[in-house]
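Asker: Residue numbers (this note's numbering), protein chains in the order written: chain R, 1 to 120; chain W, 1 to 165.
Treat the hints as calculated values from the structure; they're not laboratory data. Ideal Cβ positions, reconstructed from N, Cα and C, are used throughout, including at glycine. Be aware that a few hints might be false.
[Unchecked claim] If you want a taste of the chain W side facing chain R, the calculated C-beta under 10 Å gives, among others:
(1) P49
(2) T51
(3) E53
(4) E56
(5) L60
(6) E64
(7) H122
(8) I125
[As the list claims (entries may be wrong)] Pulled from the structure, derived: some chain R residues nowhere near chain W, Cβ distances all over 10 Å:
(9) A62
(10) E90
(11) S94
(12) E95
(13) L102
(14) R105
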Amino acid sequence: MLVARVEGELDLASAAQLRNPVEEAWNAGSDLRHIVLNLKGLSFLDSTGIAVILGRYRAALARGGRLVVVDANARVRRMLEISGALRLVELADSEAEALARLAPRKQGRGRRRRRRQHPT
Amino acid sequence: MNGQPWDMPRRLGTGWGEAPDSFLLRVPADAANLAFARAVVAAFAARLPFTVEEIEDLKLAVSEIVANCIVHAYPAGQPGPVWVAARVVEGALEVMVEDRGRGIADVDKAREAGYSTVGGEHLGIGFSVAETYVDELSVESAPGEGTCVRMLKRPASQAAGPLAR
Chain R
1 MLVARVEGEL DLASAAQLRN PVEEAWNAGS DLRHIVLNLK GLSFLDSTGI AVILGRYRAA
61 LARGGRLVVV DANARVRRML EISGALRLVE LADSEAEALA RLAPRKQGRG RRRRRRQHPT
Chain W
1 MNGQPWDMPR RLGTGWGEAP DSFLLRVPAD AANLAFARAV VAAFAARLPF TVEEIEDLKL
61 AVSEIVANCI VHAYPAGQPG PVWVAARVVE GALEVMVEDR GRGIADVDKA REAGYSTVGG
121 EHLGIGFSVA ETYVDELSVE SAPGEGTCVR MLKRPASQAA GPLAR
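Excised from the complex, chain R in its bound form:
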């Protein structure tokens, strides 16, 4: 799965800074199925940011995967709700919870790949 940590303000001006590297890593890793977006460091999110998140949801869905949003604060959750995105993406309180939820159940086949954007 692909894990991206997002920091700062996500809006029309910065959308490509998230979209492009995630898309690049996603296309490079053809065995990636799930995407985890850690929004802990996100201080601002508008509808353009929601569009970027939903774009990643569609990418995951196309490979039979899921998108999990981690550590969304109350404002971010409200935006996800207003935009309708909450019906599509999953929420988790921590990366560990998201990874546990997405990890393959069968022992021995747990191939997990982590890619990090915006390293802290």
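We have chain R already, so just place chain W on it with the hints.
Answerer: Relative to the frame of chain R, chain W by itself:
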């Protein structure tokens, strides 16, 4: 645009940036100015008894509307002006965002959630999101004559009466 003076908004009216408790800002409709525009409104709004959350609401609404100007108003690569103005009206904040762009043929349609004239990853929810975060929002527009959005936000503490603070 179209040979008209660049420095005059059409719909805004006069007095912005002249009357006390008001400002008028003009920036090119470029994404690089988006954070600046909402920060200016947030800084101005601090003179009213808004909560931190309400200021964030304002920033979001302004961001949605100015982003609309940046994406829709002007031909790609030719950003025209966006005016952002605000004033204090009876204890509330009135914010105006005007462009001199292509205008909106069907304002009601444009305000519907999920309607967008451009493709890609645009959701077409800018107006409806902005509307959620302010008390009033109205749109004045015509094809070829730019768009002006008026928003009003009242501090909740004010609505609760002076004794609430």
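Asker: Indicate, hint by hint, whether the structure satisfies it.
Answerer: Cross-check of the supplied hints:
1. P49: Since chain R brings no Cβ nearer than about 20 Å to P49(W), farther than 10 Å, the hint is violated.
2. T51: At 13 Å from the nearest chain R Cβ, T51(W) fails the 10 Å test, so the hint is violated.
3. E53: Holds, about 8 Å.
4. E56: 6 Å, holds
5. L60: Holds. Min distance 6 Å.
6. E64: 6 Å, holds
7. H122: At about 6 Å, which falls below the 10 Å cut-off, the nearest Cβ of chain R leaves the hint on H122(W) intact, so it holds.
8. I125: 5 Å, holds
9. A62: 15 Å, holds
10. E90: 19 Å, holds
11. S94: 24 Å, holds
12. E95: 25 Å, holds
13. L102: Answer for L102(R): holds, closest chain W Cβ roughly 24 Å.
14. R105: About 33 Å separates R105(R) from the closest Cβ of chain W, which puts it past 10 Å; holds.
Checked against the numbered hints above, the structure breaks hints 1 and 2 and satisfies the rest.
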